[in-house]
Structure formats: C-alpha cells, structure tokens
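Enquirer: Residue numbers (this note's numbering), protein chains in the order written: chain Z, 1 to 195; chain P, 1001 to 1232; chain F, 2001 to 2115.
Any given hint could be a false lead.
Covered stretches of chain P, as calculated for chain Z (at least 3 residues, CB under 8 Å) [as the list claims (entries may be wrong)]: (1) 1062 to 1074; (2) 1101 to 1108; (3) 1119 to 1133; (4) 1167 to 1173; (5) 1183 to 1193.
Facing chain Z, a subset of chain P residues (Cβ under 8 Å, in silico) [stated by the list, open to error]: (6) L1036; (7) S1038; (8) W1041; (9) R1077; (10) T1078; (11) A1090; (12) V1093; (13) S1145.
In short, the hints are calculated from the structure, not lab data.
Given the structure is predicted, the values throughout are model-derived calculations rather than measurements.
All C-beta atoms, glycine included, are put in the ideal place defined by N, C-alpha and C.
Here are the chains, one letter per residue:
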Amino acid sequence: MPGNGNQMTERAPEGVRSDEALLVVRAGEGDEEAFEVLVRRHSPAMLQLAMRFLGDRADAEDAVQDAFVSAWRKLPEFRRDASFHTWLHRIVTNRCLNRLRSRRPAADLDSVPEQAAPEHQASPARAVESRAAADALAAAMAGLSPEQRVCWVLREMQGLSYESIADTVGISLQAVRGRVFRARRYLTEAMSAWR
Amino acid sequence: MAMSANPDRPEESRSQEIQPEESRYEEEERLACGRLLSDVWDAWDAGRTADDPHLTACPHCSAASAELTGLGDAVRRTCAEEPGVPEATAAAVTARVMDLVRLELRPGRPLPLGEPEEDHWIVEAAAARLLRAAVDALPGVRAGSCRIAPLDPADPTGPVHVRVEVVASLDRSLPDLADAVRARIAEVTDRDIGIRLGAADVLVVDILDDEEEDEEDEDGDAYGRHGTGGAA
Amino acid sequence: MAADTPRLRDRLAEAAAGAAQDVPGVAFLRPGVVDLLRTRVADRAPRLAAGTGARAQGVRVSRDEATGAWHIDIRLVVHRGHRAVDVTRAVQTATLAAVRDEPSVSVRVTVTGVV
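Using the sequences and the hints given, assemble the complete structure.
Expert: Below is the structure:
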C-alpha cells in the first residue's frame, strides 16, 4: 500500500463496514476464522503505521503482531458502536510508543528538540535527490522523543486531526499541539542543516 | 532557518520551561517581527496563512512558513518513496498472529450433543460457527452474534436456547425472514450438529447492504430490532 | 500394579488417540493443533497433554482409584460436512474397541472446533 498520508480519514465503503462489524462481533465471540479475516485485512495498514513510528521493519512486525494478539484478548469487551479500525490504530500506536520508550533512556523525553541535528545529515551534495531527502527525514525523525514522534507521524504522515491524535494517544489536545510543534521545530532545524 | 537564526529570539528562561501548563509550549519563541512562531505555524497548519497579509508580506513569517512547507515536501517525498508493505510480510504476520491466537482460543461453554445420558459435547464457539454459516447460506441474510446456552441453566444436558442476530436485506418481511432463519437453525442443529434445540430467538439488527449498489441508503435507517421467540 | 499405572495410562491414551484419529470426520485431536502450527511458535508452546507423548495429544486418561475404572477424555476438531454427534459417537465406539482389554472404561468426547 503506497503511502498516501491519509489512510485514517478515508471511510470504507458501506458494504465493507457492515461486513466488518459482523466479523468483529463473530471474532469477539471466539470465532478465530473471523478474526483471521480482520487481521489479513488490516495488517498492511498497521504494518505501515508501525514502520513510520519505529523506522525498523522487524520491530514494526513485532509490534503489530503483539497488537493483534492483544486485540484478540480484548475483543470480548470491544464496544460494538466503536470503529474497529480506530481501536486497532490505538493499540498499535501504544505498542509502538512503548517500544520507542524502551529504546532510549527515560530522562530525555521532551528535551530532545534542543539537541543539534545529527552530523551525518550534512550531505548537501545529495540535496536534489528525493531518496536523500527521505533518508535525511528518517534520520532526523530518530532524534524526536517517542511522544513527539508518535504525535507528529499521526499528524503529518497519517493525516489525523489533533483531536483524533489526542484520543488515540490518550493525552490532552494541548499536549498533542505542543508535541507536534516541538517535533516540527526540531525537524525543520535538522532538515535545514541537511539542506 | 528563519527562527533559528533569529537574533531577537528571547532568552529561553528556565522558569518558562518548567511551567506546569503544557499549553504554554514555546510561547516565548517569537520571530523578529514579534509574531509567535507557534501562531505562524498554526495558521499554516489550518491553511489560513493567506488570510493574514502580514504572514505573506513579512520576511520572517514567510520564511518560517517556508520551513514548514519544505518539511511537508520531505514528508510527501518520503511517503511516495515508501516501499509499501509486501504481501508476503503481511501474510507472515497474519500467520504468526493466528498461531498465537490458536493457543488462546475462547471456546465458550460445552453444549450437550446427542442424548442427555451421552457424555458428548460441542463447545459453543464451534456450534455457533456452524449455525452462522448455515444462516449465511440463506439468501439476503448474514449472521452476527450467535449465542447458545442451555435453555434451563440448571440442566446443562438439556435442550439449548439459540439467540442469533442477523443483518438482512429488505426483500421479505421481517416475520417471514425470522421464521426462515429459525427453521434453518432447527434444521442445522439437528441434522448437521446433533444438539437438541429448545428455543431460537432471531433478532434483525441491521439492514444488509446490497452488494451491487454502493448507495449509502441504510445509514440513517434506525431499524427496530425484530425479536421473535418461541419453541422451534 | 501401582507402578504399571502410568505406563498403562499412556498405552490407553495412545490407543484412544490412534482410534479417534482414524474416524471419518475427525480433523485432528485438539491440542494437536499446536503441532500443525505454521511457524515456530509451536516450539515454544507448552505441551498441553504432558506425559502422554505427541500422538496422544487431545486425549486425557484418568483412573478412579476407588473403583479402578478408567476415564478417557477426548477433544477433537471435526471437518465441516460431518454431523458432529455422529462423529463423537463413532469416536467413542472406536475408542472403546481399541481399549477393550480393560474391563471398565468410560469415554467423554468434546468437539472443540470445526474446520
């Protein structure tokens, strides 16, 4: 699935949603075949999301796997009127956030933006190549705190509203705005060093 | 670039940084023109940059906006460059997930197969799967929730009570539909499974989308639940 | 006699499992699904029917110490298209035939899945 940066806001056709609701109910009552259909259907988008959060393929696969198994366990309590996609999105996001947090010391959570751009981004000779731009952005993203990275990815790559991000991550709207702002602040600086 | 090179950027006061209210993020970060960087970017974010003549006329504000535009370009290029998730990867993850899920099945309660004196059972999840498949085979009907339990909780080897929720198309009356579903359940419980049916409730909980038409015509349909009970 | 009981239990479990698996409509014995897993998670999975060997998974054999009667508990998954109760009855018949040397055996059969 190519990144279109807007997957979350796309609505499935009516037929798909209705079919999905049935599958979710069945899976919640212990029908693992129904759950398998859901996993197959949602795993590409969830893998891409996790990849954007984590920047590492193996890590992303592990996080998505954990998230789906957790979803299976929690499905009996899933509210029928909720969106399965949104719910899954939240589980994957929180799994990835925990993985990001365990990667780095806990002390520098929101203090990262003040650090300088990593040196290896200073390669202006490749400035015209879009591959290089993507690499530079990927490298710069690694400098964000876990919270900043998650909020920024949801905002800029997934196209979520601030309200949806607050709901997904479970923090206040103001905290989301602050994190996205600081992520942008850091990334523009890191990228300008590269440019 | 504009904001990082800004000579008039106020000193970063420590007291500001440890303020408990996160909403005051970077409030002290002003551009040379006096505008807050966060305000300029908020306007850009909301697509309102053009609404304020200052934002495009001011070299500091336009430079700050350009930074964000540049970042946005890099994001777009990154998304376009993303290799996407190979089908094989998604399939492998699905397989691993299902292997783990099969170690944590939720079979539900055992239901008596055959006669009361026989020690033969089928777990609820397995019986429900067979009933749902049988209901799905009816034209214009799909089964959702399907719960099966002893009709008399005090008699675990006695006949069972089936409660099934269906989504159905509107091409026949709800009582007819409920009768057809109940008859199907009576047939399958006996002929294909071997559990004794005491009663079956059929609830129509939603209207089935016509697969040929993509019209959003059922969204507003507050369709009443049509419950029918009774002996099979 | 007491020392022979575990060995006899294993033998009964193996006999019951072998008999049950050959009944038409039986897909596999229940914890045996672990052996069918496609990925390596199977290696890490706990053996549910510990002590009775891989062939006897899905079969649990116990003995009433007071009466000496054996009880065999069989869990299995049936193939779609087979009437569940007919399969469980055939499994019971085949199991009792396979352990007919024992004077007192009861059998419980549970369908845990459909494939």
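Enquirer: Given A1090/P as an interface hint, is the shortest Cβ-Cβ distance to chain Z below 8 Å?
Expert: 4 Å, holds
Enquirer: Under 8 Å, Cβ to Cβ, is where S1145/P needs to be relative to chain Z, so tell me if that hint holds or is violated.
Expert: S1145/P check passes; min Cβ-Cβ to chain Z is 5 Å, inside 8 Å.
Enquirer: Between the region 1167 to 1173 of chain P and chain Z, are there enough contacts, at least three residues with CB-CB distance under 8 Å, for the coverage claim to hold?
Expert: With 1 residues close enough to chain Z, the hint is violated.
Enquirer: Is the hint on T1078/P kept, meaning its closest Cβ partner in chain Z is under 8 Å away?
Expert: It holds, given that the least Cβ distance between T1078/P and chain Z is near 4 Å, below 8 Å.
Enquirer: Have a go at the S1038/P hint: is there a Cβ in chain Z nearer than 8 Å to its own Cβ?
Expert: 6 Å, holds
Enquirer: Mind taking a look at whether chain Z covers the region 1062 to 1074 of chain P? Criterion is 3 or more residues with CB to CB distance under 8 Å.
Expert: Since 7 is at least three, the answer is holds.
Enquirer: Count the residues of the region 1183 to 1193 of chain P whose Cβ falls closer than 8 Å to any Cβ of chain Z, and tell me whether that reaches three.
Expert: As far as the region 1183 to 1193 of chain P goes, the hint is violated, because 0 residues have Cβ atoms under 8 Å from chain Z.
Enquirer: Going by Cβ atoms only, is R1077/P closer than 8 Å to chain Z?
Expert: This hint holds: R1077/P lies near chain Z, its Cβ roughly 4 Å from the closest one there, short of 8 Å.
Enquirer: Quick check: the region 1101 to 1108 of chain P, covered by chain Z? Criterion 3+ residues, Cβ under 8 Å.
Expert: As far as the region 1101 to 1108 of chain P goes, the hint holds, because 7 residues have Cβ atoms under 8 Å from chain Z.
Enquirer: Under 8 Å, Cβ to Cβ, is where L1036/P needs to be relative to chain Z, so tell me if that hint holds or is violated.
Expert: 10 Å, violated
Enquirer: Holds or violated: is the Cβ of W1041/P closer than 8 Å to a Cβ in chain Z?
Expert: 6 Å, holds
Enquirer: Taking 8 Å as the Cβ threshold, is the statement that the region 1119 to 1133 of chain P is covered by chain Z upheld or broken by the three-residue rule?
Expert: As far as the region 1119 to 1133 of chain P goes, the hint holds, because 5 residues have Cβ atoms under 8 Å from chain Z.
Checked against the numbered hints given earlier, this structure breaks hints 4, 5, 6; the rest are met.
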